[in-house]
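Participant: Here is how the chains run, residue by residue.
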Amino acid sequence: MSVLLRKEFLELVRTRRFLALPLVFVFFGISGPAVIRLLPLLLEGAATEGMQIVLPETGPGDGFLQYLELARQLGLLAAIVVFMNIIAGERKDGILAVLFVKPVRRFSYLAVRFGVNGAYVIVSMLLGALVAVLYAGLLLGPPEVGAMMAAACLYAAYSLLVFSWTFFFSALVRSPAAAAGLSVIPLFVFPFLGTFWAPLGTYGPYGVLAAGGALIGTPTSPAAALGVEAFASLGLNLGLSLLLLVATYAALRKAEL
Amino acid sequence: MTGAAPAATPEPAIHVRGLTRVFGSFRAVDELHLAVPAGEIYGFLGPNGSGKTTTLKMLTGLLAPSAGEAYIAGERVRPGEASVELRRKVGFLAEEPAFYPWMTPQEFLSFVGGLFGLSRSRASDRARELLATVGLLDRADDRIRGFSRGMRQRLGIAQALVGDPEVLLLDEPASALDPIGRREVLELIAALKDHATIVMSSHVLDDVQRVATWIGVISQGALVVESPLRDLLRRSAQPVFQIEVAEGRERMRSALEAEPWAQEVLEEGTLLRVLTSDLEAAERRIPALITREELRLVDLSLLVPTLEDVFLRLVGPTGASAADEVQAPAGEEPA
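Protein chains in written order, with the working numbering: chain A, 1 to 257; chain B, 1001 to 1335.
Some clues are possibly wrong.
Taking CB as the label site, the calculated pair distances span [as the list claims (entries may be wrong)]:
1. A:145 / B:1064: 39 to 47 Å
2. A:235 / B:1140: 43 to 51 Å
3. B:1022 / A:73: 46 to 54 Å
Computed list of chain B residues with no C-beta within reach of chain A, every gap over 10 Å [as the list claims (entries may be wrong)]:
4. 1017
5. 1149
6. 1159
7. 1166
8. 1258
If you are wondering where the hints come from, they were derived from the structure by calculation, not from laboratory data.
All values derive from a computational prediction rather than experimental measurement.
Backbone N, C-alpha and C define an ideal beta-carbon position, used for all residues, glycine too.
Modelling step: build the complete structure from the supplied sequences, incorporating the hints.
Facilitator: Below, the structure written as structure tokens:
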């Protein structure tokens, strides 16, 4: 197991993947609060004479929510691009065939690869959140650090789920591009499902995002406490992630290479 | 083509019985029988698309057979990860060996050593040992990304050897290399003979003839012939002697034509070729005739076929009948 772990960490470093996602999320951590801070100035500059623009009051919560929104949309899309070939690429290159003729359990290989890279996605997401908290504090006023990081943790659980289905699709199909295509579908489908059937939006995988967003208070919308539905959704995200790991193993267990 | 029964050998390192693999309606391997004797270099020959790679992949468990079974070192090969422990005994080199390009050879071999359960220091030592064996020690700390095909092939052999396997399966180990790279790889394979039973698939017959001691030929997924190389060549030999004398070629020809075993005598330039019905009698009598006629001998040789000649006979249009002619008798011992 330790040899597989060492290889995963070495791969993160040597392929410079360890930089990719943190940079993306840190960028959003800076740009989220900055957009909220600069928006009134930008609109003011764009307004013509006699035109009056009334904007609601903004605070650090708005800046942080902007980060979460960017992270959910573009950050997770970047994660899919980074991981679309995590299994499919190795299969295509023939390296899986080299590994699987050695005395290595396929589940061990998958579990380590899943664990290290899943943790990497979560850490990247949280790192961006930390930067967003600090920058929102700098630009928009004192932040509610605890609530913001709690919200970020809920988003991180959803990020793990997105990584997990990308991991699964990468093992299911041989083409990295097809794996990316399949992975993008649920990313856009989940938000819609909640609008069709409310319990799915609250208790389903996407529920953590609604609960996380509600934790953040803004001048126009007070913060709400975490309800049982947030924990249900959190459990569902983590459970589905583990289930997808098992499904990935099932897909690869007898795969011909 | 006929699927010939394997030559029985004591405790073969690899035993394959009725192995079949079907892709859709295509039978890539069709009731294949093999018996690879322990300690031999087994040249596994066949035209492109004859089922060599599919067979080797089934032997490694990377592909599941549609029917039949295979045993390596007495253990049944099962597809997927069911044969994890068996893999300690088997080394495999794919036709196009793959590596992590961001690793160095030292790191990659140490990583493979770790998969075999070697400690970090032992894996590192083993990696250096193997890099020295395959002549890559001076590139031990370079990234694999920039390696040539020949270097990758040698590294591929090294990774197959990490676990000190009893059986080494090499899929076209030298076919894509330049003459120098090919010679190096073949010398390396020959040097491994005392350490493992080696199955080497190839369609480059010269390569196989240089190192193999046993030959198995498949065509259209079925075994055509399996035999020690020396016996195969001997059985395939045309009973033709080539004789060159300094002077008196006509006298020699007349003397040969008078012999009852001489079926046909031909002149080709300065040479006489005699087709004989009795090889032993010819071997005994020709020197005696030369002495009797007081001729000076320049050359006397039995025309020996190359493996390519034999292969073309076996897998060519008359392959089935040729296979019957050269197939080793059942129970023959390894050479």
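Participant: Compare the structure with each hint and give your call.
Facilitator: Tested hints:
{"no.": "1", "hint": "A:145 / B:1064: 39 to 47 Å", "verdict": "55 Å, violated"}
{"no.": "2", "hint": "A:235 / B:1140: 43 to 51 Å", "verdict": "49 Å, holds"}
{"no.": "3", "hint": "B:1022 / A:73: 46 to 54 Å", "verdict": "47 Å, holds"}
{"no.": "4", "hint": "1017", "verdict": "21 Å, holds"}
{"no.": "5", "hint": "1149", "verdict": "14 Å, holds"}
{"no.": "6", "hint": "1159", "verdict": "7 Å, violated"}
{"no.": "7", "hint": "1166", "verdict": "14 Å, holds"}
{"no.": "8", "hint": "1258", "verdict": "64 Å, holds"}
Hints 1 and 6, counting from the list given before, are not met by this structure.
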